[in-house]
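J.: Here the protein sequences come in this chain order: A and B. 592 is the number that the numbering used here gives to position 24 of the first sequence; each next residue is one higher, with no gaps. 646 is the number that the numbering used here gives to position 198 of the second sequence; each next residue is one higher, with no gaps.
Just so you know, these hints were derived from the structure itself, not from any lab. Hints may contain errors.
[Claimed, not checked] Computed cross-link-like contacts, DSS-like style, restricted to lysine-lysine with a CA-CA straight-line distance of at most 30 Å: (1) B:K502 - B:K645; (2) A:K574 - B:K534; (3) A:K597 - B:K534.
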Amino acid sequence: MTSAEKYVAAAYLVVFAVVLAYVLIMALKLARLQRETAELVALARRRRDEVASQSHREAAEVG
Amino acid sequence: MLVSAAVALIFFWVPEDADQGFSQKIFYFHVPIALTAYACFGWGAWKGLVHLWKRTPEADLESYVAIHLGVIFGVLTLITGSIWAKASWGVWWTWSSRQLVLFLVLFLFYSAYFMLRFSVEPGPPRANISAVYALFGVVLIPVSFLAIRLADDFIHPTVFRPSGPNMAGSMFFVFCLSWAALLVLAATLYGIELTSKRLDASVRELREALE
Numbered sequence: 569m570t571s572a573e574k575y576v577a578a579a580y581l582v583v584f585a586v587v588l589a590y591v592l593i594m595a596l597k598l599a600r601l602q603r604e605t606a607e608l609v610a611l612a613r614r615r616r617d618e619v620a621s622q623s624h625r626e627a628a629e630v631g
Numbered sequence: 449m450l451v452s453a454a455v456a457l458i459f460f461w462v463p464e465d466a467d468q469g470f471s472q473k474i475f476y477f478h479v480p481i482a483l484t485a486y487a488c489f490g491w492g493a494w495k496g497l498v499h500l501w502k503r504t505p506e507a508d509l510e511s512y513v514a515i516h517l518g519v520i521f522g523v524l525t526l527i528t529g530s531i532w533a534k535a536s537w538g539v540w541w542t543w544s545s546r547q548l549v550l551f552l553v554l555f556l557f558y559s560a561y562f563m564l565r566f567s568v569e570p571g572p573p574r575a576n577i578s579a580v581y582a583l584f585g586v587v588l589i590p591v592s593f594l595a596i597r598l599a600d601d602f603i604h605p606t607v608f609r610p611s612g613p614n615m616a617g618s619m620f621f622v623f624c625l626s627w628a629a630l631l632v633l634a635a636t637l638y639g640i641e642l643t644s645k646r647l648d649a650s651v652r653e654l655r656e657a658l659e
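Between the sequences and the hints, there should be enough to build the whole structure, so can you do that?
T.: This is how it looks when you write it as structure tokens:
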């Protein structure tokens, strides 16, 4: 491998490494967002169940 | 797809430059990356102007993401340019080339954008200051681009002249394809980052509403 070929390979590898790093960071961020969304869905379901059981109790007390 | 096609054509189809030989192949990525960085900074400034005009927080976020990408492409321009300089001129950097110094100034100017942005609390004042700063920086783009045409820069080559590109038709075609590929790549990354930032803000808002 000549020195010119080494420099060209280094330049192209740097570009691909930086783009790859950017894509990996974005993938990690999207995974975190997916996890947080799942947590929020669980929280919203708990709230819905709490409200439903509370209204059920109130209906039983009135009855 | 476009990037793969461009790389394949660069290494297997386009002829080697008679003067610089194999190291000239860096040109097909180095110059399009620099032009894409200019495009990102220009887009960021345009969105800054839209923000100042219409006062929409959306435009502020779009301006920030465009400048963020511009800085990433700016880093790549400096690294690939430095490698090409070492291969062609025997040095990693030279302060005597106005083109290099002006690009470095432009890069440092937009790098300082983040220091300014994150030193102010989130809200309309931060968005306004960031937009004004992004607009000031855009003045440096034509200065940087025209530097080698306005001044006697004997070190950095001038490939595009008023008479047309100073290269063979096949080389120009591959150059245009590489530039198109990098613009599409930048637009895709811009869309992904913008979507993730919007999603992040929505999730935060939803969490505050639920807790």
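J.: For every hint, state whether the structure bears it out.
T.: Consistency of the hints with the structure:
no.	hint	verdict
1	B:K502 - B:K645	21 Å, holds
2	A:K574 - B:K534	11 Å, holds
3	A:K597 - B:K534	36 Å, violated
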